[in-house]
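Chains as they are written, first to last, in our numbering: chain D, 201 to 303; chain R, 1137 to 1446; chain X, 11 to 119; chain H, 2 to 476; chain A, 3 to 496.
None of these hints come from the bench; they were simulated from the model. Quick caveat, the model's predicted, so the values are computed rather than measured. Cβ atoms here follow ideal geometry from the backbone N, Cα and C, with glycine treated the same way. Each hint should be verified, as a subset may be incorrect.
Which bits of chain X does chain H cover? Going by a derived footprint, with three or more residues having C-beta under 8 Å, they are [stated by the list, open to error]:
id: 1; region: 36 to 46
id: 2; region: 49 to 56
id: 3; region: 79 to 89
id: 4; region: 92 to 102
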Amino acid sequence: MSPLELLSAAFLLAGAAFCLAGTVGVLRFPDVYCRLHALTKVDNLGLGLVVAGLALQSASWATALKLFLVWLFVLISSAFTCQLIARAALRRGAVPSGGRREP
Amino acid sequence: MTDVLLDGCLALCLPLLAWLVLRTESLSQAVVLFVAFGLLSALGWARLDAPDIALVEAAVGTGLTGALLMHTLSWTEETPPDVRARARRRPWALLATAALTLLLGWAVLALPADSPGLGPEVEARREDSGVKHPVTAVLLNFRGYDTLLEIAVLLVAALGARAVNPRSERASSDAAKDPLTGELFRMMTPALLLVAGYLVWVGDHGPGGAFQAGAILAGGGVVAILTSRMGTPRMSSLRVRWALLTGPLLFIGVGVAPLLSGRRLLELPEKLAGTLIFIVEMALTVTIAMVLLMFFPGTRPSRAGRGGER
Amino acid sequence: MNPWALYALSGVALFSVGLVGLFSHQHVVKRILASNITGSGVLLVLVALARRMSSGPPDPVPHALVLTGIVVSVSSTALGVALARRMARLQAEATHLPEHEPRSDGEGP
Amino acid sequence: MTSVAALMVWPVILPLLGAVLALLVGRPGVRLVAGVASVATLMASSMLAWEVAHQGVLHQSIGGWGAPLGIEWRADGLAALMLLTIALVGPLISVHALDHFGDREDREFLPLWLFVWCALNALVLSADAFNLYVTLELTTLAAVALIAVRRDLPGLDAGLRYLLFALPGSLCYLLGIALLYGAHATLDVGTLAQRVQPGPVTWVAAGLVTVGLCLKTPLFPLHVWLPPTYTGAPTPVTALLSALISKGSFYVLLRLWLEVFAPVMDAQVGQLLGVLGAAAVLWGSALALNQTQLKRVVAYSSVAQIGYMFLVFPMATSGARAGAIYLVVSHAAAKASMFVAVGNIHQAVGITALGGVQGLAHRMPFTFLAMALGGISLIGIPPSGGFIAKWLLLNEAIGTRQWWWGLVLLVGSLMAAAYVFRILRGSFLPLPPGVTVRSIPLGNELAPLALALIALVLGLVPWFPLDLLAIGASR
Amino acid sequence: MTNTWLPLSVLLSSLLPGLIIFLLAEEQRRTRTLLNLLAAVTKLVLTGVMAWGVYQGRQYETRLTFFPKADLVLRADSFSLLFITLSAVLWFVTTIYAVGYLEGTDHRSRFFGFFSLCVASTMGIALAGNLLTFFLFYEMLTLSTYPLVIHRGTPEALRAGNVYLRYTLTGATLLLAGVALLYSLAGAVEFTERGALSAVAAHRTELIVAFVLLIGGLGVKTALVPLHGWLPVAMVAPAPVSALLHAVAVVKAGAFGITRIIYDVYGVYLVHDLGVMQPLAMVAAVTILYGSVRALQQGDLKKRLAYSTVSQVAYIVLGVSIFGTASTIGGLVHLVHQGVMKITLFFCAGNYAEELHVHRVSELRGVGRRMPLTTAAFTVGALGMIGIPPVAGFITKWYLGIGALEAHQPWLVVVLLTSSLLNAGYFLPIVYSAWFQAPREEWKPSPRRWEIGLLLLLPTVATAVLSLAAGLFAGAELSPLGWTRLLTEREFRP
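Using the sequences provided together with the hints, build the complete structure.
This is how it looks when you write it as structure tokens:
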């Protein structure tokens, strides 16, 4: 394995770990705001790492650029989605739980 | 080895997920699971070397359908409880499913294991079709007539959907002034147009085409409708009708024109075929985007808003 | 087992799950979901059949058919959803405002 | 290619173009556009039928690609007859619909009906299994939109019910076609007919196709959606559904079964379809006898009449084929006239119960004449198309030594007579006090009469349709 | 030389006026009456021309393509002319009668429309040149008589209509099965003298089954016991309808059909050979006796006449189902005789009901003084039914009796005699009390009203005169008897 491949593998593994963490967060966090936090922030990071890992393996710059664009679009859309969902939740009266799990 | 593992996992997960979708008591959970199911199946399409389908599935089959269903739930919550989903236990359901699967599986496994299908025929005539991408060649040329009727299907669905929910609702005007979504659209619109144009262009020689492009365009529009920045396009507006119908008219025209020179329906002259297909696809992209938008009848006015309305 | 056979069997299973689900559920949304699943199953079978040669590009004809199929299924889903939505609304109006005739289609398309 | 085969284009393209243009022009011109498109399509269909009658079967490869790659059209006598039926029956129903609906629904009804027309013509001409699927779906969706066009609760409920039964039907059909494609790498019906072999793929595919199409038609016991749907839909739409749309799927089934499956299937399967058809005849008629709503009587009668059509499968001779198609055609005219007449009655007195017809025979003579002529055709008494159909089927039943199907026919006729005269005889009673009869536009009275006269003429000159049917009949 | 237009014209001469009458408004009384009479006269003339032509040996045949392999055939042979002439004459008189009878009632356009259709169907039945054509018109007859039966629109009439339909449609179903069975054996069986089935005579079982089905189907309209139930119930119809139903259209169509089946489809030798003739004769005999006995029990005049019809029509069937010339002549000639006599009786019953509102036999005391001409006509009809010379009925019974003896079936003579006694038993008391008993109070002959309107009286008297004439001039060459003898000799020519 070349160093490049090793690096790529490391990125991919780290990305996968973040994604896993994000998913656990969505499942375990107590309220909608915390879950959004886990979903957007952690998953975006995970995706970024995966994209980086794949970009290292890609054959051409064009492909790498496309991969990067994918990440960019996901970043934008998840930021807005997060915002929209949070606002909708607030409007419907979902109260932040302050860290405690509801019974 | 890993391939088989991945394929096997996917092949197993899809039916299980489907089962879950239907077993879940909560409708919103079911819809979310369905979206997950759609994404997973898009992965399956990709595994089967069908990137065109994966694209359409992700954008239309899952994205838009998911949004549509989610959107509907906000209405059907008001359905009286007796019509609600009742998770009745049906022991026969599992049995029936298994029996049906076995029967159909028996037939599937009896199929020849290595048939190339019509692949060679398509390959042999691809040169004459005017496009390089075989799927586009089949879709717009070899079986272009199917596609023509399919456009009619879309029009009918749009017409029907608008006929039963004619109002184009926007929850509140203040939502339209929301700076956040305004920013989003300022950023997204050029990108969407670019991507859509690219997809139509690339359809000539690679995965892409009018449906994918139309779906992308519609995606932007749907977000606009759902955030109340835009009303659903209305059939009463002449501009909307032109946007909707230019594509079909052009397609019919291109299909019928060869008859004038003694050719058959949709028998495009070889030299012009590529250009004609590109033009038709551009127009159809707009049609498809319009149709998909028409499926979304706007956001539901909030309860308070409804109270004020009356 | 060949990958195509795996997916074809998976498609067949999806078809069965969806079909049985369609006839064993009452709620409109559930039935629409079930019909979508049924459709996915059929399309999966088609795409799997296109991939039976282990080398070379897949058969493009089923791909085109499946694209058509997806569009048709979206159209029918949208139409079904539109009807369901209108029904829910009429029922809601009927229960909330029994004294009023639910007549709110002032505006044509 | 000859210019004659190009005639096949117009019955499909003209209504499609008409529908699109009607949508485009919107409020002011929709009637004009639809009218022009209807006349043009009628002419195109007649010309095509004329050519088929004189030149025999016509073929066309759309796009010029040829069979396995492209889509083929085939116009034989059967297709020509169906085109003519649609072109005569459909516009008459839509004439009735014009007054039935308001201005708003007009703008939706007319384009949607043109889409249905396009889809049915495309279905009739198509010789490509997948293209048939697309036409079936186009028909279904347009039908659903039509059913719900009044956007009232019964219509919406009916539309959803229809959609949710028709969809799995189409999907079953599609899976069957997928299996056939997987086995034979073609979607062309003619090529499939040459390639199918007995075996699990063919059996399962035939089963899927048959079940799917039976769901849509519908055949007993898959008919549960029919009565509520037919009752809930606006009456002109019910007429369309019963007269034409349900015939589309039956037509596909008949074609595929006789041309592709029958040679490689066990005869027992045909018998099974026959048994279900017979059950439909008896069950549908019995329920029709027990209805108290006028429209439901006519709706249940459709269940029974569809049952007769399935008697073609156990006999599977050319005579039985002719009989079944004759029934398809005459039932289209007769049942459309019955439903349209029911619509008139409802419009005139606002009563949906069976007793609502009391005393109306003199107020609405044409409507009741139409009802009587239509009813006669349903029963199968001469002179009517229904009789010819029954006669052909009865002869085949005797000729193939399956007299029990003949018995079903005869018993079914008697039951039909019972429910038809149950409607008719009330109209001779004096008008009950307190009932006011609103006047009906003459066009609405004449539309059902014209439809009924089609059924009558079918009974008077059967040689013409029968000669036409013989063109291109495989056996 | 074949004339192709005349048979069709005879059919259209009542079909077209019928269709036009439907379109007339209720008030257009004159137009309607004129049209009716014009049509009836036209038909009489056409029939006369055709009868003369057939007598001269000319051919009359209209052939229209129906199925690719089967035609609709209208052909005038001597047997059909017997029936057509009867129908044309009786239609003419009945039309006049009906115009008078229905004066001032509702729905006359509908009535006369269906009335004409009914006659057109009868014409079609008479002219039918093959079994398929026969069946088509036979069914048309059922449909066009139903509205006449329920014409009054009362619940009772509707019930009668139901019974009528139940019987006739079941019969039609049996008939259809029989026709289809024969069709699959031998095609669209053309009516041929001495039978058309000799080629398939080997299929004995099928032929017997088909025969039973056909006779069962036709037997309903003929009102053979036990298929007669509809006839007395259908009496609720207006008198002209009953007259037509009993004398010409429905019942006769059945009897005519049975004759056609035996002589021109199967051929009398084949029927004899199949062994189905004797059972049919027995059914006819039972019907004769049963009808007479039931008639005796009826207090209602029209019901009594109805059961008398049941019995009298069975004479026709009896005649044709005894193997031999004399009995056949008797049966066929009764087709005409019974028609003329029975229509007279129904006209009389209608006159009594219309003028005096009398429906029951017991109320007819002394009616002869109030309505002498009607009662005289009734007397002629009644005597004819009993079989007293010189009225036509005697001829029938004479030939039937001889035929029974020729066929070595003397028991039939007993049946005939018994039935004649019973006939006398239910007719003579009426005649007696009508003439010789004291009239009821309210019937004192008034200077203003004597008898009844001319439109009702003339047809009644005319048919009575015809009944007498048919008996008196039976020896003439063109009398019903003469015609029938001609016919029968051809059928039995070996």
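How the hints compare with the structure:
1. 36 to 46: holds (count 4)
2. 49 to 56: holds (count 5)
3. 79 to 89: holds (count 5)
4. 92 to 102: holds (count 6)
The earlier numbered hints are all upheld by this structure, with none contradicted.
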